[in-house]
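Top to bottom, those sequences are chains Z, X and A.
The first sequence begins at 1 in my numbering and counts up one residue at a time.
The second sequence begins at 1 in my numbering and counts up one residue at a time.
The third sequence begins at 1 in my numbering and counts up one residue at a time.
It is possible that some hints are incorrect.
[Unchecked claim] Derived coverage of chain A by chain Z (criterion: at least 3 residues anywhere in the stretch with Cβ under 8 Å from a Cβ of chain Z; other residues may be distant):
#1 89-99
#2 170-180
#3 270-284
#4 333-340
[Said to hold, decoys possible] DEER-style ranges, computed between Cβ atoms:
#5 A:T91 / Z:R22: 48 to 54 Å
#6 Z:Q55 / A:W474: 24 to 30 Å
#7 A:N84 / Z:T60: 40 to 46 Å
Worth flagging that the hints you see were computed from the coordinates, not collected in a lab.
Built from N, CA and C at the ideal position, the CB exists for glycine as well.
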Amino acid sequence: MQIDLRTVTIEPVHQTFDHLARRFGDKPASRYQEGSYDLQAAENLHYRPTWDPDQALYDTGITRIVMADWHALKDPRQFYYNTYTVTRARQQDATEANFSFVESRGLVALLPPQLRTLALDLLVPLRHAAWGANQNNAFMCGYGYGVTFTQPCMYHAMDLLGIAQYLSRIGLLLGDTAALDAGKRAWMASPVWQPLRRYVEDSMAVRDPFELFVAQNVALDGLLYPLVYQRIVDDELASRGGSAVAMLTQFMSDWYEESSRWVDAVLKVAAAESGRNREVLAQWLDAWTRRAAAALLPVVAQALGPAADEIVAEQLAALAARTAKAGVAA
Amino acid sequence: MSVTARKPYIGVPRDSVANFNGRQIVYVSWDHHLLFASPFLICIEPQASFRELLQGPIAALIQADPDAAAIDWSMVEWLKSNRPWTPDPARSLSDNGIGHKDQIRFRTRGHNSLLPEASGTS
Amino acid sequence: MDVKAVPKKLGLKEKYRHLTRGLGWEPSYQTREALFPYAGYEGIRIHDWDRWEDPFRLTMDAYWKYQAEKERKFYAVIDAHAQNNGHLNITDARYLSALKIFLQAISPGEYAAHRGFARVGREFPGVGTQVACQMQAIDEIRHAQTQIHALSNYNRYYHGFHAFADARDRIWYTSVARSFFDDAMSAGPFEFMIAIGFSFEYVLTNLLFVPFMSGAAYNGDMATVTFGFSAQSDEARHMTLGLECIKFMLEQDPANVPIVQRWFDKWFWRGFRVLGLVSTMMDYMLPKRVMSWREAWEIYGVENGGALFADLARYGIRPPAGWEDAGKAIDHMSHQFMLGLYQWSFGTSFHSWIPSEEEMDWLAEKYPTTFERWYRPRWDHLRKLAAAGTPFKNFGLAKLCQCCQLPVVFTEPDDPTLSCHRELEYKQEKYHFCSDHCLRIFEDEAEKYVQAWLPMPQLFQAPLNGDVGAWMAWVGLKDGLDNGDFAGSPDQRNFEQWRRNATRNHREGEAQ
Ligand SMILES: [Fe+2]
Ligand SMILES: [Fe+2]
Ligand SMILES: [Zn+2]
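Chain Z on its own, in the form it takes in the complex (with noise of 0.2 Å):
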């Protein structure tokens, strides 16, 4: 029997689950809030971990930073799953169109010699910061507390993977496999780049998980992005006959100023929530953002000679003013 089911209207009887209706009222919720609040165990967690049994399985306990409620830090973007991928696989056509673009008009070839160089020494290197980054980020979502915080984590160490990734094809594209090789040299032993590799290391090293977050996405990556991306490829390459890298490279300038925002929310959130965490925050990024400026200059000094200095002076301003914005004061 074929029934027509549209032809009846049903009063429901819940508008929503109940964890979030505690939350956010007795009223239908959003995907993000469904896929997003409470799904992470949170009571009578049955084990202690082997791999140390001084922390539960969950626990907020492993890091400085104390909230009320963790599920306070959420991510301004509201990325679930499928807002996440489907953003993704829209900024990925847009990549791929840009890369077809630079190879099919032969925009590489035309690329001055020191340029594509230049380009090279900068960028294929950055790959393995990048890859850094990513396993940073996996580690804030594996062992960070709450789902808002630690969902966002595990998109960003996908975007870290697909940037290093997307960093590795520039290389092979103005380059080949002997740049990936030599930049992975110059990563390994070049004097430009041993403190960012230094800084990165001592990164992973870390185990408290917002610590981390500051260390990697707050200081590292808000000098880093802003520096690398628009001081010098968008400004210097391209004002110099380079805008085809630029094009390679859009990628990571939309990500950035994306997620950025995410980042400052987080930060923004943990700072208002107390006087000790702010006084946390600031001592952490105080400490950060002076070893990555120091780690940074020398690679921004490769490509920009002289000016590096003054270059690196004022973004460490600019990002000083980003995070007074969010609360904290370095």
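Starting from the known structure of chain Z, fit chains X and A with the ligands onto it as the hints suggest.
Showing chains X and A with the ligands alone in chain Z's frame:
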């Protein structure tokens, strides 16, 4: 075998007797009477007499089995920790050696209404 | 830097290597141990991480593209399902019990898998392994979300779904699945991979998903069919990863073999116990049955398992220790579970019921050696009690297994008339088990399992102290709405009423 861990690994039991407000857990099972899907968990004072356990919670819980009314308690065989054992109905659970989370089982001979093949077994 | 004029074309495999493996480096400012502190303590020896074969060569750009396509389709289907009252297409509201158990016990497991894979995706010191695990981490949050979103519409119209997040941590039967995932996550990264990647995903997942999704299809539940179907290609990747992982461990060092064997024994049994509840769904909860649990076991257990064990034999791995006893339990377990669920249904956030005569005839046909002989008399008696107005409720609560946390509903492997009693004493505390295998797992890691949060004994401790009403409020169970016999439940009444209205409206529409 000990737990393979990065640091000394000592577990804290969650069901120690101290957590039960002066009472304790006793598990009770009637052999070959599987209308009751699992052994019963009963929470009771250790000072209660064995007879109180029998005539109170056990009698109430097993009623639904058609063989329950016909039990001759003087003929019942008992096991504690899966070994034959004889309780003294007048004495307390602790005097009878029934500790926290101990399991006692009992067997009745005769007809088994819901598991006919187990009739007469003990 | 040298720049060649014409870059040579790379093969797919080589390109993938550059885009993943090439990203890693040997640290020198920190020790390897400082960056990967959890990689060594389990005793698994890895000599060469580069020998890891990438099971699927997926770069992020391709990942976003494929997954977004699946996501668009999935949400289009469930939006339409919600708009068109698709829930009225199910065979009857009894079917929903399977979905309620799924949402309360399995979807939180998907979320736990997400977090677990994020952790091992960070902890393994090999890029190929890390990337594969991270992709599974993001897939698993997808599964949790698509399931919640698909079932959210059922929550609007039926009981038993609304408190799934509270039930996850508090109600008694969910602790079976919760303790399984907690056990895996409290283990080191290698054991986690055997637990979830291999045992759950590779050995047992077909037993969960195939019957579940075909059951949904047979019973008119398009929302569930869609999330199952949409997850299938993810699961194929996860299975490949699980298999690659165990082979990698076994190939790296012969000293790994006994460790892996012990985990294999443990996690096969843990998984078999968790997924045992699927047997009840297949044999009892689907109004329209797909196949019996016994038949599913033949295909997905015996045949697939047999092929796998033959494949692993060359590494010196033997079938899991519990394999034989699992086989002996197949003809009993669904009946044992359902008899339990029925008599404890006052404490479940889903409904149970007594099977009809017709359904029992089906069970007798599917279980010719056991059903008539051992189980039908019990159901007949329960029917008699219900008909007399004194339906059986077992207020005795249940003895739970310290390891798998199931009520001990199981009988001796060779005697279906006698409960399986296993106990031991450890540091002056008594512990009880459902089977030799659960007892064995406890003995291997006693300090871990003494910590188990067992919901039945917990009911008598603070803060509930034995107050059943307070317990119901605490677990989010609405007495008379969420629990009890299906017969006479609001779900039954509402569904029948709405279906009648739809049919009548339709006829009226036709007449006009
Ligand atoms: Fe999954
Ligand atoms: Fe999976
Ligand atoms: Zn067990």
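The hints, checked one at a time:
1. 89-99: Violated: only 1 residues of the segment 89-99 of chain A have a Cβ under 8 Å from chain Z.
2. 170-180: holds (count 4)
3. 270-284: Per the Cβ count (0), the hint is violated.
4. 333-340: violated (count 0)
5. A:T91 / Z:R22: 48 to 54 Å: 34 Å, violated
6. Z:Q55 / A:W474: 24 to 30 Å: 26 Å, holds
7. A:N84 / Z:T60: 40 to 46 Å: Roughly 44 Å apart at Cβ, these two residues keep to the hinted range, so it holds.
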